[in-house]
Amino acid sequence: MPGEDRPIGGDTDDALTGAPDPTVSAATMVNPLDLPGIPADAARLVGVRRTLQDWALAAGLPHTTAADVVLAAYEAMANSAEHAYRNRSGTIDLLATCDDDEVVVTVRDRGDWRPPPADPGHRGRGLMMIRSMSQAEVEPGPHGTTVRMRWPRP
Amino acid sequence: MTASPIAIDTASIDGGVVIAVAGEIDLLTADELTEALATQVAGQALVVVDLTAVNFLSSSGLAALALAHRAAVEAGHVLRLVAGNRVTLRPIQITGLADEIGVFASLPDAVAGVAPFDSPVEHG
Numbered sequence: 001m002p003g004e005d006r007p008i009g010g011d012t013d014d015a016l017t018g019a020p021d022p023t024v025s026a027a028t029m030v031n032p033l034d035l036p037g038i039p040a041d042a043a044r045l046v047g048v049r050r051t052l053q054d055w056a057l058a059a060g061l062p063h064t065t066a067a068d069v070v071l072a073a074y075e076a077m078a079n080s081a082e083h084a085y086r087n088r089s090g091t092i093d094l095l096a097t098c099d100d101d102e103v104v105v106t107v108r109d110r111g112d113w114r115p116p117p118a119d120p121g122h123r124g125r126g127l128m129m130i131r132s133m134s135q136a137e138v139e140p141g142p143h144g145t146t147v148r149m150r151w152p153r154p
Numbered sequence: 001m002t003a004s005p006i007a008i009d010t011a012s013i014d015g016g017v018v019i020a021v022a023g024e025i026d027l028l029t030a031d032e033l034t035e036a037l038a039t040q041v042a043g044q045a046l047v048v049v050d051l052t053a054v055n056f057l058s059s060s061g062l063a064a065l066a067l068a069h070r071a072a073v074e075a076g077h078v079l080r081l082v083a084g085n086r087v088t089l090r091p092i093q094i095t096g097l098a099d100e101i102g103v104f105a106s107l108p109d110a111v112a113g114v115a116p117f118d119s120p121v122e123h124g
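As they're listed, the protein sequences go chains E and R. If you read the first sequence in the working numbering, its first letter stands for residue 1, the second for the next number, and so on. If you read the second sequence in the working numbering, its first letter stands for residue 1, the second for the next number, and so on.
Next comes chain E alone, as it looks inside the complex:
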């Protein structure tokens, strides 16, 4: 049965066939993807971005938008893994939601915010990519950093 290998995003079969159940609003066609406590480790982020890609496609996003969602979210998580938790372990929370109007992905860590240098040089392109690909809000705080990325639904 189509979609039976997807644990996340129920009710997506109708969305994919273009025959949505009229009793179900579009806003409930895909469940939020809530992944708290992801170890901030490069090896773990590979599986997370694949899960997010499956979710984005199940949500019916165009492939180009789904690719931007995955890449921007990955950059936010990689930034946490690489900078916020430098020399120590920590976790990342990822929450992705989708309704009729927009897709919102929030990445939160509990590490230290490190402002990118004015000249990113070889590094520091991650934040530039996030801001280019999404409507991004970066909220540094004493207890961690939250990056909220939005995409209007086409």
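No lab work stands behind these hints, which were simulated from the structure alone. A quick note: this is a predicted structure, and the numbers were derived from the prediction, not measured. Check the hints yourself; a few may be wrong.
As the list claims (entries may be wrong) - Pair by pair, the computed Cβ-Cβ distance ranges are:
id : chain 1 : residue 1 : chain 2 : residue 2 : range
1  : E       : D99       : R       : T39       : 48 to 58 Å
2  : E       : R44       : R       : A38       : 26 to 36 Å
3  : R       : I13       : E       : D34       : 41 to 51 Å
4  : R       : S12       : E       : H143      : 50 to 60 Å
5  : R       : A105      : E       : S89       : 34 to 44 Å
Here a beta-carbon is modelled for each residue, glycine too, at the ideal position from N, C-alpha and C.
Using the hints, position chain R against chain E.
Using the frame of chain E, we list chain R on its own:
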């Protein structure tokens, strides 16, 4: 399922090498690319990095490419990229890396050094 290995194959061409990369270039694999490129840009007059078979390219991968490009320039050598797909073109373009490094749509174009992608357009 958590590993994201990349394959890096190097082939000689007239005047240099082609380094064909396949797989996902991310935080986990970028160091391998950095090391592979460092050796080649130091010794080869022309290094063409073929990203055609790359299906994910994060900022850590861009850093590896930028670092290699700078090393090539400092050695008086040339580094060119082949990036014909949106998945690689998009990050290269939005970060401005395409303004620094010659980006070509195909391997023959990159080897010949003609018809560069100097007027990038969104493939979306």
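Quick rundown of the hints versus the structure:
| no. | hint | in the structure |
| --- | --- | --- |
| 1 | D99/E to T39/R: 48 to 58 Å | holds, 50 Å |
| 2 | R44/E to A38/R: 26 to 36 Å | holds, 27 Å |
| 3 | I13/R to D34/E: 41 to 51 Å | holds, 50 Å |
| 4 | S12/R to H143/E: 50 to 60 Å | holds, 54 Å |
| 5 | A105/R to S89/E: 34 to 44 Å | holds, 43 Å |
In this structure, none of the earlier numbered hints is contradicted; all agree with it.
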